[in-house]
Amino acid sequence: MPVASLTDSAFSADVLTNPGLVVVDVWAEWCTPCRALVPIFESLAARYGGRVRVAKLDADANLETVTRYDVRALPTVLIFEGGVLVERLSGARALGTYVDAIETHLAREGTAVTAVPSVERTMAPPPPAAAESYAIREARELLAHGDALLVFKHSNSCPVSFTAKRQYDQFVAANPDVPTRLVVVQQERELSSALETVSRLRHESPQALIVREGRVLWDASHGNITKPRLEQAFVTVRPPG
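Quick note, in the working numbering, the sequence shown goes up one by one and the last residue is 241.
Incorrect hints may appear among the rest.
Below, simulated SDA-like cross-link-like pairs (lysine to any residue); rule was C-alpha separation at most 20 Å, straight line [said to hold, decoys possible]:
1) K165 to R189
2) K165 to G146
3) K165 to Y134
4) K227 to R189
5) K165 to A144
6) K165 to R181
7) K165 to L182
8) K227 to R238
9) K165 to V178
10) K165 to Q232
11) K165 to A73
12) K165 to L149
13) K227 to V184
14) K227 to P179
15) K165 to G83
16) K227 to E188
17) K165 to K227
18) K227 to R137
19) K227 to G214
20) K165 to V184
21) K227 to V216
22) K227 to D177
23) K227 to P176
24) K165 to R229
25) K165 to G96
26) K165 to N224
27) K227 to R181
28) K165 to A101
To be clear, the hints were calculated from the coordinates, so they are not data collected in a lab.
Note that the structure is predicted; figures quoted are calculated from it, not measured.
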């Protein structure tokens, strides 16, 4: 049985109304560790065909679901039982790990389930200052810009992001004096993550930030990124001159 592909629009019908067990691999094309799960999920689909729905969700193309379940690392495997999220496993794991998790939930199928929090239970500690990465340093430098700087985070596989980028491009063309930095998430994943760490703003794409002297002065995401809103934001954050 093949691994099913999920989308935001059909997630409720395919997963949340499913009375049984659904195992979802949240992945992205740019994610190297995600590739290790391709044969593993094919094996799970063949092994549990008819008993467990085994599926995958492209994170970049389905931001609504990724946001809803607070997926912050890829790959992340979400396990639903009767439409309730009961377990999440972040990072690529061995086949046996997923088999054990599935067997555990199958063994207690029909009993009351307890939902897990949408946020990860444990977070990896930040790297020590001595091991600060180049991406972190660049993110700090961007936020420390002396003049108001517009940072736009764009996903080149997301239709919503393309719509927002057209608004960004129109703003840049009409305001050539405004310093900007375009971050294409798939090409600069480390910088995108570093901006989340340094700014303490949860990553979204598309996402627009106006930063200056170490502070985020304004931020917006998705449909809230428009040329008029960007222009109004700069009127607000820039001192009259």
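| said: For a C-alpha distance cap of 20 Å, please report whether K165 and A144 respect it. | reply: Roughly 24 Å separates the two Cα atoms, so the pair is violated.
| Satisfaction of hint between P179 and K227, Cα-Cα up to 20 Å | 15 Å, holds
| field | 20 Å Cα cutoff - pair K165, G83 | value | Violated, because 35 Å separates the two Cα atoms, which is more than 20 Å.
| message | Would the hint linking K165 and A101 be met if the CA-CA limit is 20 Å? | response | 41 Å, violated
| query | Is the Cα-Cα distance between K165 and L182 20 Å or less? | reply | Since the Cα atoms of K165 and L182 sit roughly 10 Å apart, the hinted pair holds (cutoff 20 Å).
| query | Given the hint that K227 pairs with E188, does the C-alpha gap stay at or below 20 Å? | reply | 24 Å, violated
| field | Pair hint outcome, K227 versus R189 [Cα-Cα no greater than 20 Å] | value | Violated, because 25 Å separates the two Cα atoms, which is more than 20 Å.
| query | Given the hinted pair K165 and Q232, is their alpha-carbon gap at most 20 Å? | reply | Measuring from Cα to Cα gives roughly 17 Å; hence the hint holds.
| said: Checking one constraint from the list: CA of K227 to CA of R238, max 20 Å. Satisfied? | reply: 16 Å, holds
| task | Verify the proposed pairing of K165 with V184, using a straight-line Cα cut of 20 Å. | result | With Cα atoms ~11 Å apart, K165 and V184 stay inside 20 Å; holds.
| said: K227 and V216 were given as a pair; does the straight-line alpha-carbon distance stay at or below 20 Å? | reply: Within the cut-off at roughly 19 Å; holds.
| field | Agreement of K165 and R181 with the hint, judged by alpha carbon distance not exceeding 20 Å | value | The hint holds at about 12 Å.
The structure does not agree with the numbered hints 2, 3, 4, 5, 11, 15, 16, 18, 19, 25, 28 stated previously, though it agrees with the rest.
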